[in-house]
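Numbers given in our numbering equal positions in the sequence shown, counted from 1, plus 882.
Wrong hints could be hidden among the right ones.
Taking lysine-lysine and the DSSO-like style, the derived pairs with C-alpha atoms no more than 27 angstroms apart in a straight line are [to be verified]: (1) K956 to K973; (2) K973 to K917; (3) K971 to K917; (4) K917 to K956; (5) K971 to K956.
It is worth saying that the hints were derived from the structure and are not from the lab.
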Amino acid sequence: MLTFMISGGLAAIAASLSAPINLVFPGMGHLVILKAFVIIIIGGMGSVPGAILGGYILGFTESLGATYISNDYKDIIAFLLLVVILSIKPKGLFTREGF
883 MLTFMISGGL
893 AAIAASLSAP
903 INLVFPGMGH
913 LVILKAFVII
923 IIGGMGSVPG
933 AILGGYILGF
943 TESLGATYIS
953 NDYKDIIAFL
963 LLVVILSIKP
973 KGLFTREGF
């Protein structure tokens with residue numbers, strides 16, 4: 883509980899310092915959170931090395947897609963990759979047996 887309170891306080895301080903300089907609104911990090919979710923699901927729940935490799939896979943796929951297809955489709959490629967991988971391996975690529 884103490885860690886949660888400290889992190890909430892630090893987030894409040896950071897937001898109050900950032901608000902006068904930048905545009906701050908409640909939905910400003912939704913795409914980043916969705917991509918983090920994609921990375922975790924691709925790597926497999928409960929697998930830290932899988933999450934790291936999932937991040938590399940997503941980053942390389944987005945970069946190659948932006949280079950060869952279009953930069954506008956970069957986000958669509960990330961979610962198509964999620965659909966393809968979940969169709970092939972529903973638990974993710976590097977999941978542990980306990981999950």
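In ascending order, which of the hints set out earlier in this document are inconsistent with the structure?
-> none
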